[in-house]
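Trainee: Letter by letter, the chains look like this.
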Amino acid sequence: MPTVTYIQANGNSQEFDLELGVSLMQGALDNMVDGIVAECGGSCSCATCHCYIDESWTDKVVAATDMENDLLACVTDPKDNSRLSCQIKVTDDLDGLVVHLPESQF
Amino acid sequence: MESKARCIIVGASHAAAQLAPALRQQGWTGSISMITDEYYLPYHRPPLSKDFLAGTKDLEQILIRSPEIYRKCNIGISMGATATAIDRANKQLVLDDGQRLDYDKLVLTTGARVRKIDIPGVDLNGVFYLRDLSNAQNIKKYTGADKRIVIIGGGYIGLETAAALRKQGNQVTVLEAMPRILQRVTAPEVAKFYGRIHAEEGVEIIADEQAIAITGDKKVASVQCQSGNEYPADAVIIGVGVIPNTELAAQAGLLVDNGILVDEYARTSDKDILAAGDCTSHYNPIYQRQLRLESVQNALDQATVAANTICDNLKPYSALPWFWSDQYDLKLQIAGLSQGYNNVVIRGDIKTSRSFAAFYLQDEKLLAVDAVNSPQAFMLGKKLILQNTPLDPEQLADETLPLKSLLTG
Chain A
27 MPTVTYIQAN GNSQEFDLEL GVSLMQGALD NMVDGIVAEC GGSCSCATCH CYIDESWTDK
87 VVAATDMEND LLACVTDPKD NSRLSCQIKV TDDLDGLVVH LPESQF
Chain B
8 MESKARCIIV GASHAAAQLA PALRQQGWTG SISMITDEYY LPYHRPPLSK DFLAGTKDLE
68 QILIRSPEIY RKCNIGISMG ATATAIDRAN KQLVLDDGQR LDYDKLVLTT GARVRKIDIP
128 GVDLNGVFYL RDLSNAQNIK KYTGADKRIV IIGGGYIGLE TAAALRKQGN QVTVLEAMPR
188 ILQRVTAPEV AKFYGRIHAE EGVEIIADEQ AIAITGDKKV ASVQCQSGNE YPADAVIIGV
248 GVIPNTELAA QAGLLVDNGI LVDEYARTSD KDILAAGDCT SHYNPIYQRQ LRLESVQNAL
308 DQATVAANTI CDNLKPYSAL PWFWSDQYDL KLQIAGLSQG YNNVVIRGDI KTSRSFAAFY
368 LQDEKLLAVD AVNSPQAFML GKKLILQNTP LDPEQLADET LPLKSLLTG
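Protein sequence lines, in the order shown, are assigned to chains A and B.
Each residue of the first sequence is one higher than the last, beginning at 27 in my numbering.
Each residue of the second sequence is one higher than the last, beginning at 8 in my numbering.
I should point out that these hints are in silico values taken from the structure, not numbers from a laboratory.
Careful: at least some of the hints might be erroneous.
Claimed, not checked - So the derived label-pair ranges between C-beta atoms look like this: (1) B:Asp-356 - A:Thr-84: 51 to 61 Å; (2) A:Val-88 - B:Asn-81: 33 to 43 Å; (3) A:Met-58 - B:Ala-220: 17 to 27 Å; (4) B:Pro-409 - A:Asp-80: 39 to 49 Å; (5) B:Gly-209 - A:Asn-107: 41 to 51 Å.
None of the values given here were measured: they were computed from a predicted structure.
Heads up, the beta-carbon is just placed ideally off N, CA and C, and yes, glycines get one too.
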């Protein structure tokens with residue numbers, strides 16, 4: 027199972043083995059990672075699962091859809107590596123992925 | 008040292024799935040048990056009328072949390088059990104099999120149930136309501152390509168169901184008793200938009216059409232209306248709203264008024280009994296009135312507040328309500344509550360396109376936004392509502408002016 031590391035805004039880091047096919051959002055919820063709210067349950071509706079993909083991984087994750095980009099344009103503190111964690115599914119290629127969490131989802 | 012305190016949660020809902028692990032995160036070391044009359048772990052309800060019904064998601068994909076998390080957090084779940092009474096004097100929850108469970112803290116996340124209609128034939132095979140997973144599973148057995156489906160009720164559930172079933176090739180007719188669909192929740196312009204889209208997708212919507220009987224011999228055959236019209240049907244789905252499950256609370260003498268009354272800390276009128284989600288009524292400081300919300304946002308946020316309260320970490324609940332509805336390729340996101348509006352401003356082409364935003368204003372105060380395939384209007388709309396500064400309707404409608412420029416902060 028690929029390993030994914032979630033790093034909080036305060037620097038706290040947690041590492042988990044996630045099953046193939048689950049989203050980074052679900053992986054966070056299943057492991058009680060703080061900082062991912064995910065109100066809509068992964069339907070790309072709420073932008074409360076905002077995360078930053080570590081710079082060294084940004085070209086390995088699937089590209090964002092227009093809908094996701096539109097939502098990301100309005101999150102608090104958007105950056106070039108902003109993504110909605112519900113839209114990225116864990117694959118073997120993402121083994122070792124590092125995800126940074128924002129200070130707030132609101 | 009492990010505490011012996013016991014927390015019981017009634018209902019395995021969105022609120023329960025949020026609350027139970029949140030209690031552990033907040034440091035609750037006592038026992039946690041969830042009582043549910045269903046036979047599933049907490050699942051997302053919104054997909055029942057969307058992806059689950061359309062067959063693009065299965066049960067495993069709509070569970071709110073994986074089974075492991077309940078094990079890891081040591082959360083007990085009793086399925087197929089119905090709570091029948093609260094004995095407040097002895098701090099016990101009574102179940103239908105006579106068991107009495109001691110509690111120190113009790114949380115009611117009992118949700119809501121469908122409003123039933125009382126017309127002849129509603130008990131025939133092939134007539135359904137849609138609220139629970141088992142409802143959706145049963146509906147799936149009666150639907151498929153070229154089946155004739157009549158939906159009674161043109162609210163969000165009815166329209167989402169229509170869209171999901173249409174996707175699978177069913178022939179769908181929606182009957183709405185009021186003069187238009189979405190009467191209770193949207194402006195006429197938005198309702199008209201949804202009428203157009205459903206027509207384009209091949210769903211027939213008939214307003215001012217009151218169903219008075221369902222005919223059939225054991226199995227449904229048609230729906231008869233007051234107008235004299237009759238609609239042949241292989242299945243009928245009724246979606247005419249929900250009623251909060253407040254009986255347990257009311258029988259225990261807790262204050263109930265269109266929902267279990269809770270304060271900003273999710274406490275009922277008994278300090279050891281809390282409540283969260285669709286079953287509650289609470290005061291909203293943004294709209295300055297009492298609200299009972301039917302939404303995931305409210306369930307999650309209120310459950311978080313309840314978990315904090317139980318762990319003596321009092322944080323008041325104050326959130327802007329929001330909702331969503333997926334139909335076909337349309338993603339509707341609703342920020343705020345429109346009740347009380349006297350002006351609707353449309354931004355974008357509502358007449359021919361599939362993307363626009365409707366701003367609901369009370370004079371120059373923004374109350375709510377319906378954003379269809381316009382996530383920016385939704386996100387910025389939330390901020391504009393909370394900003395609470397007077398807005399110029401002409402500026403809101405002007406697509407050449409970025410909405411962001413209306414933010415003062």
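Trainee: Now look at each hint and say whether the structure bears it out.
Mentor: Going down the list of hints, with the structure as the test:
A C-beta distance of roughly 35 Å is found between Asp-356 (chain B) and Thr-84 (chain A), which places it outside the suggested range of 51 to 61 Å. Val-88 (chain A) and Asn-81 (chain B) have their C-beta atoms about 36 Å apart, which keeps the hinted 33 to 43 Å range intact. The beta-carbon spacing between Met-58 (chain A) and Ala-220 (chain B), approximately 52 Å, falls outside the hinted interval of 17 to 27 Å. In this structure the supplied range 39 to 49 Å is violated for Pro-409 (chain B) paired with Asp-80 (chain A), their Cβ-Cβ distance being about 31 Å.
Checking the proposed 41 to 51 Å range against Gly-209 (chain B) and Asn-107 (chain A) shows it holds: the Cβ atoms sit about 42 Å from each other.
Hints 1, 3 and 4, counting from the list given before, are not met by this structure.
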